[in-house]
Each structure stands twice: as C-alpha cells, then as structure tokens.
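**Student:** Each chain, letter by letter, is given below.
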Amino acid sequence: MKESISKSKNGAGIIIISLLAFGAILSKNKECLLIPAFIITLIFLFGILTRRSSWSKPYFTSKYNIFVAKIRHREEFDFPKHLLFEKLVEIMPEAGFKIRKANEDMGDIFATTSLTWFSWGENIYISLQEVNGKTTLDFCSACLFQFSSWGKNESNYDNFMDEFEKSLII
Amino acid sequence: MPIIVNLDIMLARRKMSLTELSQRLDISIVNLSILKQSKSKAIRFSTLEAICKVLDCQPGEILEYKNDS
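Line by line, the protein sequences give chains A and B.
All residue numbers for the first sequence refer to my numbering, where the first residue is 2 and numbers rise by one.
All residue numbers for the second sequence refer to my numbering, where the first residue is 476 and numbers rise by one.
Think of the hints as simulated: they come from the structure by calculation, not from any bench.
A few of these clues could be false.
[Stated by the list, open to error] Cross-link-like lysine to aspartate or glutamate pairs, in silico, DMTMM-like; alpha carbons within 25 Å at most:
| id | chain 1 | residue 1 | chain 2 | residue 2 |
| --- | --- | --- | --- | --- |
| 1 | B | 490 | B | 524 |
| 2 | B | 514 | A | 95 |
| 3 | A | 167 | B | 501 |
| 4 | B | 514 | A | 105 |
| 5 | A | 64 | A | 95 |
| 6 | A | 102 | A | 131 |
| 7 | A | 135 | B | 501 |
| 8 | A | 82 | A | 32 |
| 9 | B | 516 | A | 155 |
| 10 | A | 82 | B | 495 |
| 11 | A | 167 | B | 483 |
| 12 | B | 514 | A | 164 |
| 13 | A | 58 | A | 106 |
| 14 | B | 514 | A | 106 |
| 15 | B | 528 | A | 95 |
| 16 | B | 514 | A | 32 |
| 17 | A | 58 | A | 32 |
| 18 | B | 511 | A | 155 |
| 19 | B | 516 | A | 32 |
| 20 | B | 516 | A | 163 |
| 21 | B | 511 | A | 95 |
| 22 | B | 541 | B | 501 |
| 23 | B | 516 | A | 76 |
| 24 | A | 82 | B | 483 |
| 25 | A | 99 | A | 32 |
| 26 | B | 516 | A | 87 |
| 27 | B | 516 | A | 159 |
| 28 | B | 541 | A | 109 |
| 29 | A | 99 | A | 166 |
| 30 | B | 514 | A | 159 |
| 31 | B | 511 | A | 76 |
[To be verified] One side only, chain B facing chain A, incomplete, derived with CB under 7 Å:
| id | residue |
| --- | --- |
| 32 | 505 |
| 33 | 510 |
| 34 | 511 |
| 35 | 513 |
| 36 | 514 |
| 37 | 515 |
| 38 | 518 |
| 39 | 521 |
| 40 | 522 |
We put the CB at the ideal spot given by N, CA and C, even for glycine.
Can you build the whole structure from these sequences, using the hints too?
**Tutor:** Here's what the structure looks like:
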C-alpha cells in the first residue's frame, strides 16, 4: 500500500482574518467590524446549509478554500473495486461516520461526522478508482468551517484505517 | 502471500454457493469473498471452526502453505 498525505495550508486564511480583525479594532469607526463579521457569518451559514449536499464536494475539497481545514490521503489496495466499496460501506458506521450517499458505479462515498467540542463536524469524501486490478482510494476529511481541525481530520483518517485493518480479521 | 485459502475448492466440492455458506455461517458475503481471495489479514479460530463444521472438512483443507521461493 502506498500513502501520500496532504494537508491544506490555512495560514493565509488566518492572516487575512487577523488583519481584518486588527484593522477593525484599531480603526476609529467600529462599524467596520460588522463587515468581516457579516462575511464570516455568511460563509459559515453557507457551509451549514450546503454541508449535507453531495454537490458541495468541490467547495469543501477545493485547495483554494481557506475557510475549510482538510486533509487528503491516497492509498492503493490489492482489492477489486466492488469488494473494497462493499467493505468500506460496512466499516464506515463503525469508524463513526454516517453515510449520506454511496454510489458503487462511480466509486464515491460521502459521509459526515457529528458535532464535537473541537469541531462543527467533518465531511468525509472517499473515491475509488480501479487500475489494473488494484484500487486507489482517495480519502478527504474536511471541516465545516475551521482553520484548524484540532486533529479531528487526522483522527478521522486513523479511525477509518484502524477499522479497515480490524475488519480484515475474519 | 504464501498462505492460500482454498475456500472456493471446498465450496465446489460440497456444491455450495458462497451465499449459502454466508447464510449458514452468519458472515457477510463481502467478508467471505475477502477470505476466499486470500485478502484477509487473519482468520479467527471461531470462523475456521464454523467453516469446517458447515463444510465438514479439516482446517488443512481450507488453508494451504505455498512457499514462494
């Protein structure tokens, strides 16, 4: 199995928001505080409203979206695609994910996690592609509206892989 | 992997389908397919015992060691 990890770089987002906040605080006109607050609230509400829609995948997984902390992993499995798909659907609830949409033909699984003290909940996107009898799995865990996932994205992936490994003991 | 699972051979000998075995063992078809294709990491003694009981065979008929070299 090969593995590649990528984490979104949300430093730019933190800097932008910090500059806006400092600018607003230092400014004599306190009303300008409302503008960034309004924009942030709008983005947050947009995230909440579109969270469970499968069409919002490009928004949550985009590397240009600085408001969403996300991680991506790629694994290669020596499994046929349909078998891996069935197995993943079986283990997802045990890993703490709620499946919202699963399309076997496309090899896509969309799941969500529930709200916790550290996160508004994450969206989990899994896509499978079969090449030469081996299946490549792309895993993406994206927070709803956070610059940092406080380790939730990483723990989602760890839980997912732990459950998968455990499920191979029959 | 040098351990080969001969579940498909035993099923053919007993003229039993994977679905029927799955129902009799109460194990999902996905798990049995993984086992049959030797993709599993390990097999529990309880699973092996149940398979041997249903297929009326010995563990050695299900599992086989083949040296790769």
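**Student:** Now, for every hint given, state plainly whether the structure supports it.
**Tutor:** Right, here's what the structure says about each hint:
no.	hint	result
1	B:490 <-> B:524	holds (19 Å)
2	B:514 <-> A:95	holds (20 Å)
3	A:167 <-> B:501	holds (18 Å)
4	B:514 <-> A:105	holds (20 Å)
5	A:64 <-> A:95	violated (29 Å)
6	A:102 <-> A:131	holds (20 Å)
7	A:135 <-> B:501	violated (28 Å)
8	A:82 <-> A:32	violated (56 Å)
9	B:516 <-> A:155	holds (24 Å)
10	A:82 <-> B:495	holds (23 Å)
11	A:167 <-> B:483	holds (23 Å)
12	B:514 <-> A:164	holds (16 Å)
13	A:58 <-> A:106	holds (18 Å)
14	B:514 <-> A:106	holds (22 Å)
15	B:528 <-> A:95	violated (29 Å)
16	B:514 <-> A:32	violated (63 Å)
17	A:58 <-> A:32	violated (35 Å)
18	B:511 <-> A:155	violated (32 Å)
19	B:516 <-> A:32	violated (62 Å)
20	B:516 <-> A:163	holds (13 Å)
21	B:511 <-> A:95	holds (23 Å)
22	B:541 <-> B:501	violated (29 Å)
23	B:516 <-> A:76	holds (17 Å)
24	A:82 <-> B:483	holds (20 Å)
25	A:99 <-> A:32	violated (42 Å)
26	B:516 <-> A:87	holds (17 Å)
27	B:516 <-> A:159	holds (18 Å)
28	B:541 <-> A:109	violated (37 Å)
29	A:99 <-> A:166	holds (19 Å)
30	B:514 <-> A:159	holds (21 Å)
31	B:511 <-> A:76	holds (23 Å)
32	505	holds (4 Å)
33	510	holds (5 Å)
34	511	violated (10 Å)
35	513	violated (10 Å)
36	514	holds (6 Å)
37	515	holds (5 Å)
38	518	holds (6 Å)
39	521	violated (10 Å)
40	522	holds (6 Å)
Violated hints, listed in ascending order, are 5, 7, 8, 15, 16, 17, 18, 19, 22, 25, 28, 34, 35, 39; each of the other numbered hints is respected by the structure.
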